[in-house]
Structures are given as structure tokens and as C-alpha cells.
Amino acid sequence: MTDVWSRRAFLSAAGGGALLRGGSAPTAVAAPAGKADDALRAVWRALLLGGEIPAAQEPFRSRLADLGALAGGWRSTMAPAPGSLWPGLGYAGDPELMMQSYHRLRTMAEAYVRPGTGVTGDGVLRSALLGGLDHLHADVYHAGRERYGNWYCWQIGAPQALLDLCVLLYEEVPAAGLVDFCAAVDHFVPDSAVGSYTGTSTGANRVDLCRVLALRGVVGGDPAKLALARDALAPVFPYVTAGDGLYRDGSFVQHTWVPYTGTYGAVLLGGLGMLFALLKGTPWQVTDPGTQIAFDAVERAWAPFLFNGLVMDCVSGRAVSRGLMIADPHQVQQDDHARGHAVLASVLLLAEGADTAERARWRGLVKGWMARDHYSRPLADTALPLASLARLAAVESDASVTALPEPVGHRLFPSMDRATHRRPRWAASLSMASKRIAHYETGNGENLRGWHTGSGMLCWWGADYGNGQYSDAFWPTVDPYRLPGTTVSRKVLADGAGGDWGASRPDTAWVGGTTDGEFASLGQHLRGLGSTLTARRSWFFLADTVVCLGAGIRCSDGTPVETVIDNRNLGATGTHALTVGGVVQPATPGWSAAFPSPGWAHLAGFGGYVMSGSGTFRALREARTGRWSEVNRGGSTKPLTRRYLTLWHDHGTDPAGAGYVHQLMPGATPAQTAARAAAAGWLAVLANSETTQGVSVPSLGFTGANFWQAGSAGPLEATAPCSVTVRERPDGTATVCVSDPAREAASLTVVWNRPVTAVLSQPPDVVSVTAGTRLRLSFGSLTAAEGAGRQVVVRLG
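Start counting the sequence shown at 11; every next residue gets the next number (this note's numbering).
Accuracy of the hints is not assured; some may be wrong.
Said to hold, decoys possible - Here are the computed lysine to any residue pairs in the SDA-like style, where the Cα-Cα straight-line distance is at most 25 Å: (1) K290 <-> L414; (2) K445 <-> S757; (3) K501 <-> S566; (4) K648 <-> A390; (5) K501 <-> S757; (6) K445 <-> A795; (7) K445 <-> R435; (8) K501 <-> A390; (9) K290 <-> I303; (10) K501 <-> P570; (11) K648 <-> D664; (12) K501 <-> A690; (13) K501 <-> R653; (14) K290 <-> A390; (15) K648 <-> G584; (16) K445 <-> K648; (17) K290 <-> P233; (18) K648 <-> Q343.
What the hints contain is simulated information worked out from the structure, not anything from laboratory work.
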């Protein structure tokens, strides 16, 4: 089974392509093409090129010159032969190289039609383009040809590029050629490709297929294809409850088990924007009321994972391993910022079809994200297509658009086992795994060592620091057994362990938690990938800290087990000072030491850590060398070295019930960290066992508990597994949030031993409520809530 994503297809001018795995090609008789509608072709051409670009201004002048040089180089090396169009891109056994050949032609065509490239209207380039199109058609991509290898190359990657070429070169391609090219598309992408919403025709893939059908209608003058493309979008819009698509809680899943907001989700976002814009004001305009779900998703699904211009790695699947790729002629690194910039451009594209208020707000959000991206300026991103660059530049220069600030709050995505926490000066993300969501995704030789991503990886960024933490060659150089925040066995795993395409799902259900929208109580029943490791882990996300608890850590692998407090990428030469208990430690790579707990540590330029449990914690400085090819078989073999500072709890070999308690304090000073460690009454650990984990912070009015079984934690009691978050407010009210993360309890009663005079609001699934000297809430089954919390607001006694 293969699944190839063209290395640069994601960043194509229309937002790229998505893919799923497997599937056979239905066949159809090719339909003759007619004259395309001039207006529709003009709209699509403008979408592809981004409108008029100030060719004499930077960064466009340099980018256009680079585009022309690239096209000229490819023109000069083109050598049509049986099975290839360029030496080194032999596609006889690999359709990805056929697809890459079409993408090269598309890039050359863009250089041919754009002013300022140095090859605009060049006759030799024109001849090469037409010759290349004819060669690929005759040799490989034509009606009657049996496809081989990955379905995506034949149904999405190649036809998208081919149809874009037909639009860009419409006046140059002979009419007979247009007929032949449309017949080829009809053969590989018949109407039956969107006949049912299953298999490889769901989510972002369905949007890409609709793009192919719509452009086939434009190029071939076929109204029926345009109508089919419009109608086939309908299944994309409704919320799903399983498999691929958008969920009511804002989750976006592709490949059935993988959170993919940052890549496939961006493809869906940009693809919808392109199609909405193409069909707007025509007889085929998309009028399905479900489109509002897509518009709502900008802030419900995408915005929570965008921070200072980057998109968080926890929702980018195996794309995190695509750094420097051999197939990239410019060797441009793809990272969280580059993926984020593509999402920003897609938001602007979708905004053109939104209402006036939404469009204005989204443009303000994008301008804010761009302004705060000091690590990787979007307009200097050489991976961005010129059309995307033009859209971003237009917003940046528009004085009428006010940059909006980062949102503050907590968002829980129970349908994809992810959460984001946003504070005024920092943000964090948490990645978990369950029987619903994979530990990680590998496939096609990509993301070979992301094994422990779902074992509680906790990433965080500061408002104006640490924004390159996971961008700067992190994935090829980090110790894959010490991803930040994770609890793992050091058992050696093979590359791609657990299986391709999200096969590595643990047999656990209790993963999730509760949030009041600002603070949160999250938990994970952890089972290690390819390991006997089990643990109960909880995170309590608060104002200036994340309180982390672990209990019941058990393993019989015969290897050490560790909980990584943090693992900071210090760059190629970083010597950031580490202070432990007031003493500055050596900055020499290779230094390591163990320290008693309770204790505290502070890493200059990042923040503080407070260890409250018993035993010891360890620290290590190391310089690690790796290659992108070690985590992605298509990656660069160039060695890269980065320095790391790692803090962790060493639970020993084969622990039989180990635990930990610590706090992560982003941006804290040494004095603030020391003060928190000395403030014995600030945090109360109510429980930390295999039955219950809970904490209380009186100064914040916060009490949170995760019940793995029926039990109690301080003032809270529960009759079944659940998560509970309580927030007491200064106005004399309190919010009690309850969820069933496992989605298994037939009934549930939660008791809060606190005087309550009245219940101000409650959801319909509360079957009984009793106030007085204590609050008693009884629920029926919460399975239908799909892990989401239920909030009850009360007035305190």
C-alpha cells in the first residue's frame, strides 16, 4: 500500500493536494471537450496567479527572477524519452515522478505567463511546454491507460497540474490537445470518483476531486461537470462523528485516526476557498447551507492551532518530518511556520466567499499572526507560492485592516485527543492517543520516529521567544524517546513501529478532560507503543503554569522508563544558563546530573520548572546530530547538529507504580520559579493515584480532578470514571464542568462538598440536581456528548 504526497504539492498555488491510501481506478469513456467559458477561465487564472503582482517590488522581484531561472533550468534539461520527461524522473514504476513532471511543467507555465520572470512569453519555453504536455500525454497520462501505484497521483496530483496548465496556456494549446487532455482526465477521474462518500473520496480528498471535476468542466466547456463538482461538495460540510472530516468540537481528522488540521485541513480550507471563488455568481454557485460550517471552522478548528504565524505540529501528522527534502530544488525547509503561512493564505482565500464581518475579522487575525511571526517572516517565505505571497502582502499593506491579538483561553478537542492552552504571553499544545486516535502517523517512509507523539507530548511557545523551538531541525535531531512531556519506555523501536497510516492506536478509552474555556483538567490512560508501559497521567492548565501529575507507572520491558519534564532545543550553539535551586549549572555539552526533589530549575530564555514529588530529577546537556533522511526517506542527508537541555524523572527499570508531580512555568524568572517552589500552600495535590488525580489552587478558585474509577479527591466525589473542573468566581458563582472522556458510563453522579444556594443553569442531560450544604449532580449516559464537557452554573452559599 502506498500513499505519496508530492513534496511541493501541498504548497501549490491552489493550496496543494491531499491524499488517502489505496483504492482502484474506475474507468469511463472520455467525453469530448468544448470551448471553455472565458469568464470562468479568467477567474481561475486570477486565483492561480494571485491577481496583479507588483513585479518591481521586493520580495516579488527576486521571487519572479528565481521562478524564471528555475523554469529556464528545467527547460534546458528536459529530454523526452520513453518513461521520462527529465533524466532522473523516470515514472515507469513510480507515478509520483509522473506527477512531479506535470508540476514542473506547471511551474514553467507560470514563469511563461507572469511578467517579470525573464522568460515571459519566451518562444523556446513555449515549445518546451507544449512538447512536454504532448509527451506525457502520449507516454503515460492518456485515456485507456491502466494506472499503477498510488491512486492520488492519477486522480488528484497529475490532473490538477494538467488542468491548471490548460488554463494558463489555453490560447497556446491546440484545440485537439485540449480534447485529448480532458479525455485523459475523464478516464482517470470519472464521475464515479465522487459517487459515494467513502474510501479515498472523503474530507480534503473529496474537495480536491471536486476541484479536478470543476476545472475539467471549465477547460472542456462541460456544465454537467461543474454541477457535479458543486453537488459533490455537499458531504464535506456536515459535522462527522467518526472517520474523516470536521467534528462539532473543532477537530479535523484525515486517514481515519490522525489529527490533520495543519496540513490536510489546510488543503480543505484552501480548496473550498478556490471553488467558492470560482463558482461565485454563476449558475453553479455553492449555496449549500452547510457551507457555514466551513466558515465557522476558521475560528473553531484552525485558529486555536495558529500561534505567531506557525501551525502547531500536533495537528500536522507525518508532515512534521518534511524538513529539507531531496526533491526540493531549492532545499527550502518546510516547518511549522511554513505550514502556518500556507494556512494563513488559505484563510484569506476562503474569506473572499465569507460575509463582510467574517472577512474583516479573518483579515485582522491574519495580519496579527503575520506581525507577530518574528522567527520566520511570512513575506520572506520562499516556499510560499507567489499567489499566496500576494494575498498576504495585500493584507499587510492594507492600512484599513487592524491586526488582532492572539486569543486567550483553553480549547479541548476530544474527537482528536488534542488540546491547546492560550495565555497572554504563551501558548501550549498537548497530544494524546486512544483507541480513537493514533499515537502518530507514519507511511511512505515518512515520520519514521514519531512513535511517542501521542504519549502526552507537551509543546509550548512564548509570545516573543521560543518560536523556533520545533522549527529549527527539531525532528531529525531530538531524542525520539524524549519528546517533551512524554512518559515512555526506553525500549528500542524500529523505524515506523506500530504500522502505517495511523495503525498504532492504544487500547484505551479514558483520554480527554474538562475545561471552562480558560483553565482545564486533562488526563490520559497511557499505554506505550510497542511496550508494556501503562500509566495514569493528568495535566491541569492554569494561569501561569501547567501542573503535571503521573501515577501507576508500570512496565516490564526490561528497560528504563522516563517522564520528560521538558526538552528544549537550544539551537546550534545555545548555552542557555540552567539554574537548579539557585545554583547555576555547567553549560558544557555532555554535562548531566541528578537533583533531589522537591526542587526547582530555571532555563534562561525559556522559563521555570517546579518538582514537588519525592525522589530525584535529572538534567542533561547534549549536542545531537541527525539527518532529515533518518526520519523521512525522502529527506536531505545533510548532517545537522543542535544542542538540547533535557529535564526528566527517571522511574528506573520496570517500575511498579511510579509517579511524579511537577509544574511547567513558561516565561517565569528564576525568582518567580523559586517563589512558587517555596509557596507550600499555593497548590494542593488532592490525589495522585491510579484511582484519582486532582489538584486545588485556592487563589484561582480552581479545583480539578480526573477520576479513573469511582472515588474522591478533596471536596469532589464521583460514582464512575469522569473528569471534573470547578471554577469559583469573585461574583459568588461557580462553574462545574463534567465529562465522560471514556464515553462508557451509563450513569454518573458528581458531588461537590461545598454549600450551594441555587442552580443558575444546567444542560438537559442533568437528570437530577440537589443544592444545599453540598451540590449533587446526576447525569444519564454522556456518550452522545462525544467526550465534551457539560457545564452547570451555581450560586455559592
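Structure-based check of each hint:
For the proposed pair K290 and L414, the alpha carbon gap of about 28 Å is over 25 Å, so the pair is violated. With a C-alpha separation of about 22 Å, the suggested pairing of K445 with S757 holds against the 25 Å cut-off. Pair hint K501 plus S566 holds up; C-alpha atoms about 10 Å apart against a cutoff of 25 Å. Pair hint K648 plus A390 holds up; C-alpha atoms about 23 Å apart against a cutoff of 25 Å.
Under the criterion of a C-alpha separation no larger than 25 Å, the hint pairing K501 with S757 is inconsistent with the structure, at around 39 Å. A threshold of 25 Å between alpha carbons decides the hint, and for K445 with A795 the separation of about 17 Å falls inside it, so the pair holds. With a C-alpha separation of about 34 Å, the suggested pair K445 and R435 falls outside the 25 Å cut-off, and the hint is violated. Between K501 and A390 the alpha-carbon distance is near 42 Å, which puts this suggested pair outside the 25 Å criterion.
As the CA atoms of K290 and I303 are separated by approximately 18 Å, the hinted pair is consistent with the 25 Å bound. Among the hinted pairs, K501 with P570 is consistent with the structure: their alpha-carbon atoms are about 8 Å apart, no more than 25 Å. About 37 Å separates the Cα atoms of K648 and D664, which puts this hinted pair outside 25 Å; it is violated. At roughly 37 Å between alpha-carbon atoms, K501 and A690 are farther apart than 25 Å, so this suggested pair is violated.
Under the criterion of a C-alpha separation no larger than 25 Å, the hint pairing K501 with R653 is consistent with the structure, at around 24 Å. For the proposed pair K290 and A390, the alpha carbon gap of about 32 Å is over 25 Å, so the pair is violated. Restraint check for K648 and G584: satisfied, since their Cα atoms lie roughly 21 Å apart, inside the 25 Å limit. Distance hint between K445 and K648 is unfulfilled; the C-alpha atoms sit about 37 Å from each other, more than 25 Å.
Distance hint between K290 and P233 is fulfilled; the C-alpha atoms sit about 15 Å from each other, no more than 25 Å. Among the hinted pairs, K648 with Q343 is consistent with the structure: their alpha-carbon atoms are about 12 Å apart, no more than 25 Å.
Figure legend: structure checked against the earlier numbered hints; hints not met, in rising order: 1, 5, 7, 8, 11, 12, 14, 16.
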